[in-house]
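Please build the complete structure, drawing on both the sequences and the hints.
2 protein chains.
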Amino acid sequence: MELKQALQQLDLLQRKQIAYGHAMGLISYDGNTVAPKGSAANRAETLGILSGEIYMLSTSEETIALLDELHARREELDLKSRRIVEVMHKEIENTRKIPMDEYIAYQKLCVEAEDIWRKAKDANDYPLFMPYLKDLIEYTRRIAHYTHPDLPVYDALLDQYEKGLTREKCDQFFDTLRRELVPLIHKVAQAKQVDDSFLTGVFPLDKQRQLSDYVMQVMGIDRNHCGIGETEHPFTTGFTKYDVRITTHYYEKNFASSLYSVIHEGGHALYDLHPADDLAYTNIGGGVSMSIHESQSRFYENIIGRSRAFVSLIAPKLRELFPEINDRTDDELYKAFNKAQPSLIRTESDELHYCMHIMVRYELEQKLMDGTLTVEALPQEWNRLYKEYLGVDVPSDREGVLQDTHWAGGMFGYFPSYALGSAYGAQMLSVMQETVDVQSVIESGDLTPINCWLEEHIWKYGGLYEPGTLLETALGRPFDPMYFVQYLKQKFTEIYQL
Amino acid sequence: MELKQALQQLDLLQRKQIAYGHAMGLISYDGNTVAPKGSAANRAETLGILSGEIYMLSTSEETIALLDELHARREELDLKSRRIVEVMHKEIENTRKIPMDEYIAYQKLCVEAEDIWRKAKDANDYPLFMPYLKDLIEYTRRIAHYTHPDLPVYDALLDQYEKGLTREKCDQFFDTLRRELVPLIHKVAQAKQVDDSFLTGVFPLDKQRQLSDYVMQVMGIDRNHCGIGETEHPFTTGFTKYDVRITTHYYEKNFASSLYSVIHEGGHALYDLHPADDLAYTNIGGGVSMSIHESQSRFYENIIGRSRAFVSLIAPKLRELFPEINDRTDDELYKAFNKAQPSLIRTESDELHYCMHIMVRYELEQKLMDGTLTVEALPQEWNRLYKEYLGVDVPSDREGVLQDTHWAGGMFGYFPSYALGSAYGAQMLSVMQETVDVQSVIESGDLTPINCWLEEHIWKYGGLYEPGTLLETALGRPFDPMYFVQYLKQKFTEIYQL
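Residue numbers (the working numbering), protein chains in the order written: chain A, 1 to 498; chain B, 1 to 498.
Be aware that one or more of the hints could be misleading.
It does not matter which identical chain is used: a pair holds within one copy or between any two.
[Said to hold, decoys possible] Below, in silico cross-link-like pairs of lysine to any residue (SDA-like), each with a Cα-Cα straight-line distance of 20 angstroms or less: (1) 37 x 223; (2) 491 x 313; (3) 16 x 103; (4) 119 x 410; (5) 16 x 54; (6) 16 x 56.
Derived by calculation from the structure, the hints in this document are not laboratory data.
Shown next as structure tokens:
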């Protein structure tokens, strides 16, 4: 086959894969947002069938021959095509290792399990979710064995979300955080506490919806290509760079929860919206890895969104929408949004304690995967670790082991990305400040120079480079968690006058 | 092949077709409801690809061989399987007649055209829509020539929406309506007019949303399987009987518009929700034809929803939600909801004038298809017929030729279904009243006996019988438009004291 012809076939194949991904992604998004509750089984049926179709397409003899040929001739390809071929070749190799019936059954299970998880969380009924979690773990283990027969299961899962990440690297990273942050957390606990009582009140949902629109506009998110929906657990999904959706959850008594969810998901959305145009409709047209993705979302949520300058920027709008906080100063708002205290819910945790929540999950996931922790004993162990790491008693599974959607969606090994992403973000800030006066930019209200830096160094590349390469190139030096530690120390020492 | 094995293959094939239909239907629904505006091209790309996939699946050698075999042996099959095979065999024959590239291009065109139509309507810019309409007509003609080479184009289109319907039958039907209704319309015009000025006011959208939920509950719609969204033009789409969506459009100054849209679409939804379970995931699991569908929606909207008993039933809720109409009597509301006067917008027309709106479209469609009317001259001709049939001057294309979505979605030949459906519904009422005391049932607030009659005679059969057979069996006699005429005469003679 002519190389040109082969590349055309590759383009068609990718467009088909993206189209199936769009359809399946939208069915999931719809299921999480507006679909009637009784439609879950129907959705599972459709997703099962479409998974089967995409499996057959991706593993057909024709596809394999095409990719084998292109892979063999990859040195003749330009950078973009070579990367596309390498990623797809690897993916097909992995997919082929999974028997088709198991692949389809697993997809169906994930859809059903998410639905049951939602019901279980609503009803605070962990036993309802338990058999699904058991099956999910079982499938995840089997699939990891198929795709990475030489790796321990949890290492295979880490590698899946972050190419090259190992348990050893994670352990080192979390050890550093533990060593450096636990003393800081203790100091904060003993300092004079911040008053955030005024963040509890009655904040009408329609005003909160207006706030979402406002803050997305401040962030420079192109609403022509980005929608917002409402779900139990906020998330972002991008079908292509031309159609990205974020979601949030509004609580009438607490506007800060949705505000910072929207900024977090907005950070993901900006990344998904800005890969270079010529990567669209390819397998490298989205974010490269989960931790790079989280570096963008948590950078926006915390480093930008919880900065003094940003709080001052949006404070007038907050006072306009919510008369209840009309008499609060910028400083009072800034401190309240940064109040650091141990808590139950990860997504509502402050920056300082956040990594403790991740460590709980990191430990539990490993034990669930290596079989040293049963699904039956999980809630108890969850509660024990929350007591140990965060000093809090978990009053219900709803606020405990059932709080996150990740495991229900089969996402084991994802959580470390949040902590890594947070740390990447802090180092990015440091590098960005060499050329951008970040504080002045935020004060100006026009975040373009920040977005330009991120687009130039991260977003535009999509999945063109391995995450490690992308990160080191953007940073101009190796990743070092001490940037994150220093950032937190400086910020919370100032707020708590330590 | 064993018959049993062939039927299993047929089941799998249908499940795939339903799954693709679900995905494509949802992408369209999403595009009409919550998708960001800039995502239309992406949606068109995906729908184009999925259309190609379903085309290949439905016309593969394997599929054709399977259907040919089953069709040859159809006498050995039970009623349900035989009907499934006959419908699919016919459909495949039709599809195969259309070249694949034209089939895909047409699907893409419909998606793009709907998007442009929306923009054109917003901007009152008919010329923007014109080239798309031209292409749509061109494609529709070509496709009708492929599928029905022996029929005039418009007859082919009628037959597509209503098996067995011809221009001759339509002409007879509309002639009867014209002969009988035009004198009545004149009498009403000269009578003392009904006051509906209190229906214009300020009716907050959140209250209107509550009204939608209330009225769907009154209708007995299972919300576990039926959602509601918001669109420019209300519609209903059912992916399977387990996942049905209706939409409405809220106008702050006019709650009656959305109220009766919801009842209309709710009538469609009830039909889509109630085919027998064993028809689900088959090609006969939905409504059998457009006019039978419209008979259900317009039966609910007008014959039930605009009846004196129904207005009295919902009046307390209306007064509770909208203090502005607190002092209005049931009789005043009843008459206001039934105010008969010529108007510009079909979907907001009263029952009496409604068929005049349809006749305009019926005439124009025929001329567009046979080439005696150009797309350029269409608005002028539209406006001329509105003057002739309804006596109104059309002030803008937005309120004229751009008002409906149908043509933008490639649906030519659909409009007569609305008028036929209205007339079917009136005859159904007459038959239903032989065993159900309809007025007492509505007064009781529990519409179950009405829904049971409809389920027993119409809904449960899905597409098991030809529409003509279904209708005559349900009615126990041939269709006769005079039931509709008598119903209208009685109702409007009473309201207008003629």
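Now the hints, each set against the structure:
Proximity of residue 37 and residue 223 under a CA criterion of 20 angstroms is satisfied inter-copy only: 8 angstroms between copies versus 28 angstroms inside one chain copy. Only within a single protomer do residue 491 and residue 313 lie at most 20 angstroms apart by alpha-carbon distance; the minimum there is 18 angstroms, versus 62 angstroms between protomers. Proximity of residue 16 to residue 103 under the C-alpha cut-off of 20 angstroms is found in both arrangements, the shortest distances being 19 angstroms within a copy and 17 angstroms between copies. In this homomeric assembly, residue 119 and residue 410 come within 20 angstroms of each other (Cα to Cα) only inside a single copy, at 17 angstroms, whereas the closest approach across copies is 41 angstroms.
When the C-alpha separation of residue 16 and residue 54 is checked against a cutoff of 20 angstroms, the pair qualifies both within a copy, at 8 angstroms, and between copies, at 12 angstroms. Taking the shortest alpha-carbon separations for residue 16 and residue 56, both the intra-copy value of 12 angstroms and the inter-copy value of 13 angstroms come in at or below 20 angstroms.
The structure shown violates none of the earlier numbered hints.
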